[in-house]
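> Please arrange chain G on chain R, whose structure you already have, making use of the hints.
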Amino acid sequence: MKEYQTITEVSGPLVYVETDEPIGYDEIVEIETPNGDVKRGQVLESSDGFVAIQVFEGTEGVGKDASVRFLGETLKMPVTEDLLGRVLDGSGNPIDGGPDIVPDDRVDIVGEAINPHAREYPEEFIQTGVSGIDGMNTLVRGQKLPIFSGSGLPHSDLALQIARQASVPEEEAETDDDDEGSEFAVVFGAMGITAEEANEFMDDFERTGALERSVVFMNLADDPAVERTVTPRMALTTAEYLAFEKDYHVLVILTDMTNYCEALRQIGAAREEVPGRRGYPGYMYTDLAQLYERAGRIEGKEGSVTQIPILTMPGDDDTHPIPDLTGYITEGQIMMNRDLNSQGVTPPVNVLPSLSRLMDDGIGEGLTRADHGDVSDQLYAAYAEGEELRDLVNIVGREALSERDNRYLDFADRFEAEFIDQGFKTNRDIEETLDLGWELLSMFPKTELNRVDEDLIEDHYVEDVADEATAD
Amino acid sequence: MSQAEAITDTGEIESVSGPVVTATGLDAQMNDVVYVGDEGLMGEVIEIEGDVTTIQVYEETSGIGPGQPVDNTGEPLTVDLGPGMLDSIYDGVQRPLDVLEDEMGAFLDRGVDAPGIDLDTDWEFEPTVEAGDEVAAGDVVGTVDETVSIEHKVLVPPRSDGGEVVAVESGTFTVDDTVVELDTGEEIQMHQEWPVRRQRPTVDKQTPTEPLVSGQRILDGLFPIAKGGTAAIPGPFGSGKTVTQQSLAKFADADIVVYIGCGERGNEMTEVIEDFPELPDPQTGNPLMARTTLIANTSNMPVAARESCIYTGITIAEYYRDMGYDVALMADSTSRWAEAMREISSRLEEMPGEEGYPAYLAARLSEFYERAGYFENFNGTEGSISVIGAVSPPGGDFSEPVTQNTLRIVKTFWALDSDLAERRHFPAINWDESYSLYKDQLDPWFTDNVVDDWAEQRQWAVDILDEESELEEIVQLVGKDALPEDQQLTLEVARYIREAWLQQNALHDVDRYCPPEKTYAILSGIKTLHEESFEALDAGVPVEEITSIDAAPRLNRLGTTPDDEHEAEVAEIKQQITEQLRELY
Chain R
1 MKEYQTITEV SGPLVYVETD EPIGYDEIVE IETPNGDVKR GQVLESSDGF
51 VAIQVFEGTE GVGKDASVRF LGETLKMPVT EDLLGRVLDG SGNPIDGGPD
101 IVPDDRVDIV GEAINPHARE YPEEFIQTGV SGIDGMNTLV RGQKLPIFSG
151 SGLPHSDLAL QIARQASVPE EEAETDDDDE GSEFAVVFGA MGITAEEANE
201 FMDDFERTGA LERSVVFMNL ADDPAVERTV TPRMALTTAE YLAFEKDYHV
251 LVILTDMTNY CEALRQIGAA REEVPGRRGY PGYMYTDLAQ LYERAGRIEG
301 KEGSVTQIPI LTMPGDDDTH PIPDLTGYIT EGQIMMNRDL NSQGVTPPVN
351 VLPSLSRLMD DGIGEGLTRA DHGDVSDQLY AAYAEGEELR DLVNIVGREA
401 LSERDNRYLD FADRFEAEFI DQGFKTNRDI EETLDLGWEL LSMFPKTELN
451 RVDEDLIEDH YVEDVADEAT AD
Chain G
1 MSQAEAITDT GEIESVSGPV VTATGLDAQM NDVVYVGDEG LMGEVIEIEG
51 DVTTIQVYEE TSGIGPGQPV DNTGEPLTVD LGPGMLDSIY DGVQRPLDVL
101 EDEMGAFLDR GVDAPGIDLD TDWEFEPTVE AGDEVAAGDV VGTVDETVSI
151 EHKVLVPPRS DGGEVVAVES GTFTVDDTVV ELDTGEEIQM HQEWPVRRQR
201 PTVDKQTPTE PLVSGQRILD GLFPIAKGGT AAIPGPFGSG KTVTQQSLAK
251 FADADIVVYI GCGERGNEMT EVIEDFPELP DPQTGNPLMA RTTLIANTSN
301 MPVAARESCI YTGITIAEYY RDMGYDVALM ADSTSRWAEA MREISSRLEE
351 MPGEEGYPAY LAARLSEFYE RAGYFENFNG TEGSISVIGA VSPPGGDFSE
401 PVTQNTLRIV KTFWALDSDL AERRHFPAIN WDESYSLYKD QLDPWFTDNV
451 VDDWAEQRQW AVDILDEESE LEEIVQLVGK DALPEDQQLT LEVARYIREA
501 WLQQNALHDV DRYCPPEKTY AILSGIKTLH EESFEALDAG VPVEEITSID
551 AAPRLNRLGT TPDDEHEAEV AEIKQQITEQ LRELY
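In order, the protein sequences belong to chains R and G.
Numbered by the UniProt record's numbering, the letters in the first sequence go through residues 1 to 472 in order.
Numbered by the UniProt record's numbering, the letters in the second sequence go through residues 1 to 585 in order.
The hints are simulated quantities; they were obtained by calculation from the structure and are not laboratory data.
From a predicted model like this one, the values you see are computed outputs, not experimental measurements.
Watch out, some of these pointers could steer you wrong.
Said to hold, decoys possible - No more than 16 Å apart at the CA atoms, straight line, and that leaves these computed lysine to aspartate or glutamate pairs for EDC-like:
id : chain 1 : residue 1 : chain 2 : residue 2
1  : R       : Lys301    : G       : Glu532
2  : R       : Lys446    : G       : Glu532
3  : G       : Lys574    : G       : Asp509
To be verified - Chain G is faced by these chain R residues, among others (derived, beta-carbon under 7 Å):
id : residue
4  : Ile101
5  : Pro116
6  : Gly276
7  : Gly279
8  : Tyr283
9  : Asp287
10 : Asp324
Every residue, glycine too, gets a C-beta built ideally from N, C-alpha and C.
Extracted from the complex, chain R is given alone in its bound form (with noise of 0.2 Å):
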């Protein structure tokens, strides 16, 4: 290996450096300063006698008498079914003060995409818990549904909520009959997130036992953002690695993502590239992408990588590049909501522009319930009705509605209530979810539920809630 000290040019992250030997694309550098500091980097771009070298942990320190390595490798990730309950850097060194990681294997961290010839489509149901979550936008393994949150919303509390309590109904009831090879591990990747945050996450994992099944990558606030951009690859190297090779299903959750674009911004300046929307790099799209698409199931393979991204949107703006293009790759989003937040709803999640794109197979007859589609589709439209007539009852009052809209207003303020409104703490099963619905569609009379099989009123309709509310 040869040392180079030919530092020509230090800008922010990015270090420039001539050679004279051809360096391959994405290589992984070592960086010594004159003090002993060593820090890595990659190879961003790679021309004939000189290289530009994104530094990981900040450029400070670096001058032209800093000593430059490459690896001749690119960056891995050291991989062993003993990270779990294991807490490590955003680089992946531990931080936890256990003993050093002894690896099975070394994995490039980029990863390579899934041939969509070889998915198994996911279809497994998994139950969070969450009303909200289940009965109106089912997760299913397998699946990237990530959070769409704003500033100083509690998409923590939800997050930690769903790690806790998801769980497949069907292997509940045959537990020791599965081998142990389809247990639940959760990796849990923090980019720039503050201290604070980490350490509820932390007291959390910890108070439950969850961090026995965990694997925790912390990059901090205060962390190089140019770190950034590796924790969520090592998170989800690991988290492939446990999935496809040790058979788990793993829960991947990533937060902030807005940090991490923040990071890529910074990087795509600093090279002076032709920016964006905002600011952002054109490439953010098929980065993004290269994330989100690692999860998945593969046919043949025992295990399942689910996500569960946590993005807040700036301004609470879901058409800013972040979420917009996080939208468009991912099956779906659960919306977080400021008003509902400050009516003390928990989790304040807004149904309405939530959606989960794989839920139509997850649900139905054999997974869940066979009237689960018709309910949520009903529930669907009529909160939609009800959240639309509140803005005509500010300029008209009530009085001036008839008695069908009366009757949708009061849905949706029930609905919000006692369907949504359920706290952090509450677990409730799919079929408590399901006849909580019917006990709220059934404030409708029958020839109302247009979007529910006859059939399926016949046998769930609740008929004295009816009466009641036509007795009012």
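This is chain G only, laid out in the frame that chain R set:
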């Protein structure tokens, strides 16, 4: 992707930046296919400046560095054409994904190449010419049963000079065996090649007059597309672009479907791969896959191959058109294609146009959509390519460059609407914004083949919907009850048009496909409600009583009524509506 015969020249890598590589000392022409680096990654020449050749590479370039070799094949990006393309799934440069899976497992590795059609499969060749016949370019010389649905026609290649047939084979052959020989010495095989960026020639382009029947009420009923037409489906995420595209791929009455998943989700392509072999084609009853070719370049697959997948798809479509088939091509999503162009362009440091897209964006889009049309082929047959492109505008804002440049070309516009999607009104196609410029030229077909007053009834529905959107503005201010009774009634009728007719459940076994006869019948039921209700109103019946008859809600169930029962059901509902309303006065 067709396999290169020989290496014409070799150069050396000078620099690498993502998918863009420059090489020196390479003698190449624009769009030549080259193999890059020690691993032989496939790429295409996109710029030549002095001694420096710029290449876009179709695979990941990690670890590739200066000094490694670049081999030029001297040929443009070319697809393999021949039997075996249907029932296949390809990546963006026509490498069969099932073959790649066999060779490198579940994850896509680099540097593996495979021909687009299996060269070892035996096909039963049935000649349609005999020795002594004169044939010219494009003529059919024989047929092969490619799938249960499709008879593959073996054509004299478009660039051939033709000649007299001197020898004809019949029986079982692989695609590279010669099946017909001409007096010019030309040998014709089932296997042909064609460069993807060049349109395959035809005699003439004609005005399309036949609809591509989609089985979707809002499309056939309000905004039809012609066989040979072009359509765009723009919409924000979650508004149902992919579901609409897939419904069209499943139920449109095309002979051949080419489905391009361009920069979209892996799981979506898997869904298609799993569903299509199971689902029956409503025209033939055979599995849908028997008429379908899939091209999957998912969002995490190399970006340069995303740029090429659109061309790969349309070239395959043109080849089947040459046989006289009606081909429907779905491109989901053309925005990802445009973004791939933008990404490559920005790596080349080209002067950007609007929003960073290259200045040639509009030209590329129109070149692509112009490859659609209703054509007269050289062999005398007529074939068509209908192109339906999804557009994913950032933030759902239709004023962005890809949507705008697409709208200047396409003649059908199906605008998806996030408000409708949030209310779970699917397909979430906004009836105020959408349009079809084919309506007038297709009406004669509907009149001849479905019903006489197809156009009149559609106009009635459009008028009611227009009136509704005007009234809705007033309702927003004063509430519904403040409106005069006749207007309240119009709103009620419009609600039935929306809920019983425009809405369609793509997941329901019956409702997902609605033949034009049923589309007409459901609407005629609502029209009866309209006419009878107004009769009753004129006779002095209060509007609450009119709207509370129990026959009307049954209209909402018509979508899910089986196709063979709907006629009787509609007739019965009409009769009951009439009876119940007339009882009121």
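> Next, verify each hint and record whether it holds.
Hint check:
For the suggested pair Lys301 of chain R and Glu532 of chain G, the alpha carbons sit about 61 Å apart, so the restraint of at most 16 Å is broken. Among the hinted pairs, Lys446 of chain R with Glu532 of chain G is inconsistent with the structure: their alpha-carbon atoms are about 24 Å apart, more than 16 Å. The hinted pair formed by Lys574 of chain G and Asp509 of chain G fails the criterion: a straight-line CA distance of about 25 Å is larger than 16 Å. Given the 7 Å rule on beta carbons, the hint for Ile101 of chain R is violated: about 23 Å separates it from the nearest Cβ of chain G.
A hinted interface residue such as Pro116 of chain R counts as satisfied when its beta carbon comes closer than 7 Å to some beta carbon of chain G; here the least separation is about 4 Å, so the hint holds. For Gly276 of chain R, the suggested interface contact is upheld, since its CB lies about 5 Å from the closest CB of chain G, less than 7 Å. With its C-beta approaching chain G no nearer than about 11 Å, Gly279 of chain R sits outside the 7 Å limit, and its interface hint is violated. The beta carbon of Tyr283 of chain R comes within 5 Å of a beta carbon in chain G, closer than 7 Å, and the hint placing it at the interface holds.
For Asp287 of chain R, the suggested interface contact is broken, since its CB lies about 10 Å from the closest CB of chain G, more than 7 Å. Interface restraint check: Asp324 of chain R against chain G, minimum CB-CB distance 5 Å, threshold 7 Å, status holds.
When held up to the earlier numbered hints, the structure conflicts with 1, 2, 3, 4, 7, 9 and fits the remainder.
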